[in-house]
Amino acid sequence: MSTDAVGHAYPRLEGREKVTGTARYAVEYPVDGITYGWAVPSAVVRGRITRIDTSEALESPGVLAVLHHGNAPRLAPGPEPELWLLQDPAVHYRGQYVAVVVATSLEAAREGARLVRIDYDAAPHSTVLTDDHPGLYQPDHVNPSYPTDTAEGDFDAGYAAAPVRVDATYRTPAYHNNPMEPHATTAQWRDGRLLVHDSNQGASSVRGTLAELFDVSPESVRVVTEHVGGGFGSKGYAKAAVVLTALTARHLDRPVKLALTRQQLFGPVGYRTPTIQRVRLAADADGRLTAICHDAISQTSTIREFAEQTAVYTRSMYAAPHRRTTHRLVRLDVPTPFWMRAPGECPGAYALESAMDELAIAVGIDPVELRIRNDTEVDPDQGRPFTSRNLVACLREGAQRFGWTDRDPTPRARRDGRWLIGTGVAGSSYPARARPSSARATARPDGSFLVQINATDIGTGARTAMWQVAADALGVPPERVEIRVGDSDLPTAPVAGGSMGTASWSWAVIRAGQALREKLREGVPPDGEVSATADTTDEVGGQPALPRYAYGAQFAEVRVDADTGEVRLNRMLGVFAAGRVVNPTTARSQLIGGMTMGLSMALHEEGLLDERYGDWVNHDLATYHITGCADVESIEAYWLDERDDELNPAGVKGIGEIGIVGAAAAIANAVHHATGVRVRDLPIRLDKLVGVSALA
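To convert, note that position 615 of the sequence shown is 615 in the UniProt record's numbering; the numbers rise steadily by one, no gaps.
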């Protein structure tokens, strides 16, 4: 395959449309006779609806209908109980959507929603995760299909016999996906067919879900996702907005637009579960690990099990003869947690990489050197060699670029006026996956080419990357290639998630391009086209089950006000090994975006749940603090020229999530180095550090 386009820093194909505002998102498509929906959330945590009075709402100007469990069209029960909306009076958590108001204007729909009167028979509830909750249980597996617990050797004996030990518990709060574009849909039924313009990460799977719920054939449903304003995992599958909009459109026999409010995104569409993680590490006097144990506790809802794979990160990161990992869940009266950027690996890495820093201090070894000493070429979990593992290379190059060798390991050793200065490091890893996909390539009489695949560009630059891959697969300049994505009528492709989008889609695009070149030996008819379609199901499914991972090393320098405890990030640097990079511009954007989310996790983000009402009190961006531009003083991302022939035809690993893995730990470790105070429950707020000068 030619490499003329892949590896080149092309600007995004849709960049001008986005900058000028002509790119259309889910609720921006013009439709005749449009109406507007507004979701009504439950006001109780748990119970049943006993009465719904819609009379005042229906009398409000512009209101056309109020749908609820008593009058909504029936849905077919499916595998996702949270999507069986407006079908029964049961309430499982506060904020559950229990009605929808439809009106001729958005303002009228919102006012109508305010006027809906609902009475409930409320029941006692439980909403707080604790490590001694009586409902804790062992799930059958953790996401997506990992064993719940693992054990090798004899951890208890190995831990007891070690000369150096660390035993610490780390806590992370709920984190909330807040993509720039909310969950939003425009839906219309035409002659028994459903057309939705929806903000999601995978139109093919959403089409299948809608077909099942509305009891129609998949061919009767079309899902368009031409432009998506972010997802971070929350839009990985069909969610409430698309179901509610399609439901109301069918009821009214008119097109409907519905966008959830910012406040309505805090919970019902998913969030990262809080975690309680106990990590125990044992090592010999040289810092080589002899025993590792990672016990993780998280929550799920009462209507669906979602088991965060928190401790899975520890199974393959560092070697030790005695290892154990466990997961325990508790069902609470809360919305179901869901995928959020690097689910499992992100919170799991915070705990393990913080514990590794504590071990380095206990042994008296540099934290970078400690990780290098515990590197392994064989996956401790699978017992098989990694296809490629460049963690050590990332650590060494990162240390060199960051200036790590000049570091004084003593906490509180550096000071600049009232500011205490500290540096920290953490490793990162994320699985390199691929799933079956299909694509179609067409040669036109004018010498141009059309490549079609139902990939979803959620703002990552996927459209541009596939365009580059297609050009090389066809052996033509990219200017002669047109790429179409984001439509379920195109060849089926998997979700944009799990850092497997580019790896999966490029595989099919390359095979379609190769097949078309074979056909083109006889040329293109002057009055026609030549097409070739490829499906990688057999090829992807036939891959050997080898351990494939991307790796990284993250370095951070912080300053902490000795009197107030205010923490500021001076600089952050990451070096990554993620296979072949298709587009350096968009790759860098993804990596620094992930690192910035890790900074936000470390210092700002925290869902604060009011146990009395079973809801997050800071459910908007005024009170749920996220990193802003002023917080990101300097972030640099680099990558190694890594080649791995065991991956896929493009040689790529995912980069969407590796940037956030380890980032929070690097910052937490830097804060400890600056202050001598170890904060084990995120975020690192100033009240946890206030008056650190008194510790001198």
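Simulated from the structure, these hints should not be mistaken for lab results.
Where hints are given, some of them may not hold.
[What the hints assert, rightly or not] FRET-style restraints, in silico, Cβ to Cβ:
1. Ser217 to Arg114: 34 to 42 Å
2. Lys18 to Asp563: 39 to 47 Å
3. Arg396 to Ser531: 43 to 51 Å
4. Glu219 to Glu369: 53 to 61 Å
A virtual CB, placed ideally from N, CA and C, is assigned to each residue, including glycine.
Here is what the structure says about each hint:
no.: 1; hint: Ser217 to Arg114: 34 to 42 Å; verdict: 39 Å, holds
no.: 2; hint: Lys18 to Asp563: 39 to 47 Å; verdict: 44 Å, holds
no.: 3; hint: Arg396 to Ser531: 43 to 51 Å; verdict: 48 Å, holds
no.: 4; hint: Glu219 to Glu369: 53 to 61 Å; verdict: 59 Å, holds
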